[in-house]
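Novice: Below are the chains, spelled out letter by letter.
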Amino acid sequence: MLVNIGYAFMVAALAVSVFAMVAPHLGVVRNNWNLVASAQFATVLNLAFVLLASLVLWQAFLTDDFRVLFVWQNASSDMPVLYKFSAFWGGMNGSLLLWELVMAVFTTTVAYVYQRSHREILPYIITTMSVINTFLLLMLVTYANPLALQAGTPTEGRGLNPLLQHPAMAGHPPLLYLGYIGFSVPFAFAIASLVRGRLDNSWIIATRRWTLFAWYTLAMGQILGGQWAYEELGWGGYWGWDPVENAAFMPWLTGTAFLHSIMLQEKQNMMKVWNMVLIIITFSLSILGTFIVRSGVLNSVHAFAQSEIGPAFLSFVGLILAISFVLVFRRMKLLESRHTAERLLSKETTFLLNNLLLVGIAFTVFLGTVFPLLAEAIRGTKLSIQAPFFVTLTAPLGIALLALTGVCTMIAWRHTSLSFLLRHFRLPVAVAVATVAVLLALGMRQVPGLVLFTVCAFTMTVLLHDFARTVRARCSQLNIPLLQGMISTINRNQQRWGGALIHVGVVLLFIGFGGSFFNSESNVTLQPGQSAVVRDYKVLYQGPRQYQEGNATLHAANLDIFRGETLVANLLPARSFYPTQPDPLTEVAIHRTVAEDLYVVLASENADGTVTLRVRINPLVVWIWIAVPFITLGTGLAMLYRPRRLEATALSRSMGLVS
Amino acid sequence: MKRRYIQFAIGGAIIAAILIGVLYQGVQSTVFFHTPHEILASPEQFRNRTIRIGALVERESTAWDPAAVQLRFKVTEDSRTFIPVVFNGVKPDMYREGQGVVVEGQLDDQGVFQATQVLVKHSEEYSVEKSSYADKENMYKTLVNATER
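Chains as they are written, first to last, in my numbering: chain A, 1 to 659; chain B, 1 to 149.
Derived from the structure by calculation, the hints contain no laboratory data.
Ideal placement from N, C-alpha and C gives every residue a C-beta, glycine not left out.
Hints may contain errors.
Straight line, CA to CA, 20 Å or less: simulated SDA-like cross-link-like pairs of lysine to any residue [said to hold, decoys possible]: (1) B/Lys-91 / A/Leu-233; (2) B/Lys-91 / A/Glu-521; (3) B/Lys-91 / A/Gly-236; (4) B/Lys-91 / A/Pro-584; (5) B/Lys-91 / A/Asp-608; (6) B/Lys-91 / A/Gln-527; (7) A/Lys-267 / A/Trp-413; (8) A/Lys-267 / A/His-415.
Not everything, but these chain B residues come out facing chain A in the computed CB check (under 10 Å) [what the hints assert, rightly or not]: (9) Ile-6; (10) Ile-18; (11) Gly-21; (12) Val-22; (13) Asp-65; (14) Val-69.
With the rest of the complex left out, here is chain B (with noise of 0.2 Å):
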């Protein structure tokens, strides 16, 4: 009896490391987007802190710099208000201006945000349609699975 009690033990402690993991990773990596909106109403709160931001790119926004690998833009919702954004890296295969983008990183003290990354809805469509966002509302929800590709 005593052995399965070791058995039960060792097997709970599994199931639970599992859980207690899963819960905590979850909360940890669950990163939602902010709008610029959001971000710009109250931008003391998001300074200095990984975030998401979810948003277009401003047409005629974008600056690239190709001796510097560095990339210039500003994402937008309503083409009134901006964040600027600079990412040290290359222009992700279909970016686009005028379309959504969700970039990683962190707002500066400057008002400019430093992008670790740039996410582009790539397609793993099986169907060539759909590759452009006339929906503005279905875009943000496309763009929730936009993953680094």
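Looking at chain A on its own, in the form it has when it is part of the complex (with noise of 0.2 Å):
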């Protein structure tokens, strides 16, 4: 039967990648290539089982087969056929599965495409790699197999859940894997240089890509999981500090730590040490995260302590740090960097409190997320920790290190004198001071905004000026137009500009958060006829509205939405029914313009024929998604930027050892 054929699928992958785990290590041992060349092959073999395993789980969920549990739990017959594809990660067994395939297609990847570039290091790599592939694969055929049978043969499953049938959650999961597993590839690049004793820049160099896109995926999973809770859940907020959250923030944080400070070692042939204890870290706060998300330890210390895979996780997490950081210490001689910061006023400087901040960052949001979980398995309490603990603390943080981004921007490799410097923050102070007037004349009184807008303005303005200067000089040097002078500059320097266009969405991200300074929040209670007056719009209730969508049934409020006299909206907030569900769903109706979000959700039908209305309006959310563009053009334009040094160590290296 094929289910029981795709479990054996999994159970073959198992076995390949347990060789790829130790073949290579043999071969080195034994001095011996053709281990190595097996063990990629394997890596082939575990990719294509995996593979089949995977389309045995989706043709199972596409056929509606409810024998198998995990389709039982999270489809049922009358889903849309996208949300049946994408119920394959609506729950942890098939997550896993998920992870796993990524994981076998970059392991595979890695295995072939620098088997010349970096022989001497590459069957470490793929011992690396085939480690996290057994260990996932061990998860999937025993405590959490996708695709195990139940007893009866239900006619219909439970569906997934309503909440998660949202476009935005199709794709959210996906998009964090790729992020956690990307940061696999320069981790295994770490271990197997340390094992080899081969610590010069070529690892960093060669996983820049990766670190790249793995930073980017997860950045773009978080930014897609928000919109989903602000569209979804209907609390009015895309961000919550819940644990579930957080456990995708951390890594986000030291992986944008890591992709700076790399530039340092890159650059400088700085923080050889510190590089290899941020990846590591990073890779490990990828692995919790899912554990964090996936063992149930969020719900009650107990749950977890009742799942098996939660221990399992743990015990991983441990055992990668224990291995990595032994493996550290013995390299620590070779580790050792001769350059230092050596002038307080240099690029260095900057990139080395980036690094304190970001680090202090993840610091702060692993104490708040972790500490609760700690204190009631030691002893017990209930505590929570909310909101403001995260804000309070990582705001200023948060705001510093916006400033340091431009600060940054301007300083130079090496040394800078400060005259170049009050000559060249001249113009984004000048910006950053006419900001506050107008703010303040605007009636803001309140500073956090007020700080948070003054630094995004001076940010800008740094970003902005030093392309035109830029631009500017090459124009004149080489006598060309402006449009010409622009690609030319870029082309020069895409690692330079690629950074800066991600700043730019960095800041447009900030101003983004920072009309979270300003969200307000009514309710009303409305007859059918009836209107009120919120800020400058007047909500007009004409009254109920039911409709069918899908297998729902939706009670909606039908509202026009006046600003002055000028209707600019019809909004229908409404509470979806779904026949599998006790309670109605929230479906929020939003209007939105560049200024603000007019967000209204219908809180309650009353039993006198009134509606009561939850109206927020959150000024400035669009520009979070209007950041997403810049910071995917300037991820790319980093991405085609290729270090020089990368082809001369290639040639040493392709005469590697172990041939």
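The task is to assemble the complex, starting from two chains supplied on their own in separate frames and drawing on the hints.
Specialist: In structure tokens:
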């Protein structure tokens, strides 16, 4: 039977991945490259088996095979095909299979792409990645089998949680996994370099694109998750400092720190130990993130102790950390950097500060997330750490980081003179001062908001000014027109301008975040035909409307939104009743402009024919989505850049030892 | 050498600031929640400061006034002793009588709890199961993680 064959595929994948884990080491010990080559081939087999097993699961979803427990738990026959497809990762077991599928693709890719350029460390790259494959497959064939059958043959499944039936939720988990797993590549390179004692910069340079890729997908996964929360959950925000969110945020923070600090190693040969530590921590946090979200530890420490997968994941993280740090410790001598930041006013210093701030934020989030779990496990006390803890601590650090982005852009490597700085900061500081004046004149009196927008103005000006200055110099130097000058400037240093573009996106993100300082909410109860004024808007309740959408029945309030006397929107906030769900779900209605979102929730349909609406005004939210194309283009541009030293190292490496 | 000291001083200062902030905020915002029993045993002690109560919503105690957008209900552990709660806001999704809530606010001089927030465990599960609190002991644990959603 197909499902049993699918399970057999997973077992076979486990077997070949154990082989791929052991064979490369034997190859090195016996100086026999054939063993390494066979491990390379084993990664292909592993991928094939995992892919086949995944196809079996997809097939079970698409044919509504409810004998499969996981399909029964997460799908029903009335679901649209897209959600049947994405229900694959609607629960833990399928998610792990998706993890392993992506991991297998990456392992095979790495095993072949780097066979010339990194021949010497390749065996241990394969070993490291196969350890991860082996762990995941072990979970899949034991505790988390997505292809397990149940006794009866139910005719209908329980359906995917309607909250998850949203396009953003179909894309959000795979993007996060791409990010988590993407970090396994630089991690594997780091470990392999440690084992072989090849501690030059080649691992950093080779994995730069992987790191960028992982960083980008993790960022997009989180933004998509925020969008989902905003549109689907109906509490009015996009980020709640929930442990589930923090779990993905932490590796992203340390990954961002890593992305910056590897530049110090690439350009100045600094921070060798630190980079090792950062990638080890980033990858461990990725695994820990999956563990936190999936093990049930959040609901209760006891649920965690009862689940088999929780302790297994925790042990795996412990093992990774222990082995990695023993390796780092053993190679400490080789990792010593000859260079340090020599001058206080140098790019090096700003990078160090950047790392300190990012890791500081990550540490804060980590404490806030893990401390309640530890307290409950050790002392049995119930305590809760809520959003204010995170906001008051991370907001100042985040704003400092944003300011530093501007400062860092202006400062040169090695050393910058104070007078140079003062000259070039004149314009940005002037713009920042003007911004404060304008905001104060507009009546803004809230200090955090004022500081944030001022810093945004400062950093944005620095970024634009820097680009304009360089383009102007280039144009006059080559005597070319403006557009050509811009293209030529960008082409000359894709890393720099890609980074700048990402930073522009980050400033836009912060502008969007800043809007939340000015959120307002009011509740109104309206009869049909009655209207209420909320700030600049008039909300007119035309009456109830009921309609079907898919398998849900929607009870909506038909609202006309006026601004002044003009009708600007017709909104239908609703409650949707699903046949499989005891409670109705909230369907938010949003009227979006560049300045603010009018966010309306149908809070209650009352017995007397009135409706109670929760009306929020969330300023500047759209800027978070506007930031996305900037970050995307910037990442793409930065990926085009290829450090020059790579060719030289590749050449010397191709005459590696194991041949 | 002097520059290195300055660098270390700046770095050290930032780390120290973060640590102090974490500790201070940690103490501030880890609001424990109390049970109605604890509060009724010595109400003076809890009066006029922001606290949280974790309890069950008493059956048939909910009064919802749409015109005033005001929700009134009683919380209890054993259906014998109650604390009345007033909340100027709407019923959260998933609010159910007989189920657990955490309310945040202040106990006034009349012994009425003026809630600023009503938190109900919101399903962030990836599966539909576990949406009812059969197990009362576990309920308190799950409530710890309830955030306003």
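Novice: Of all the hints numbered above, which does this structure not satisfy? Sort the numbers upward.
Specialist: none
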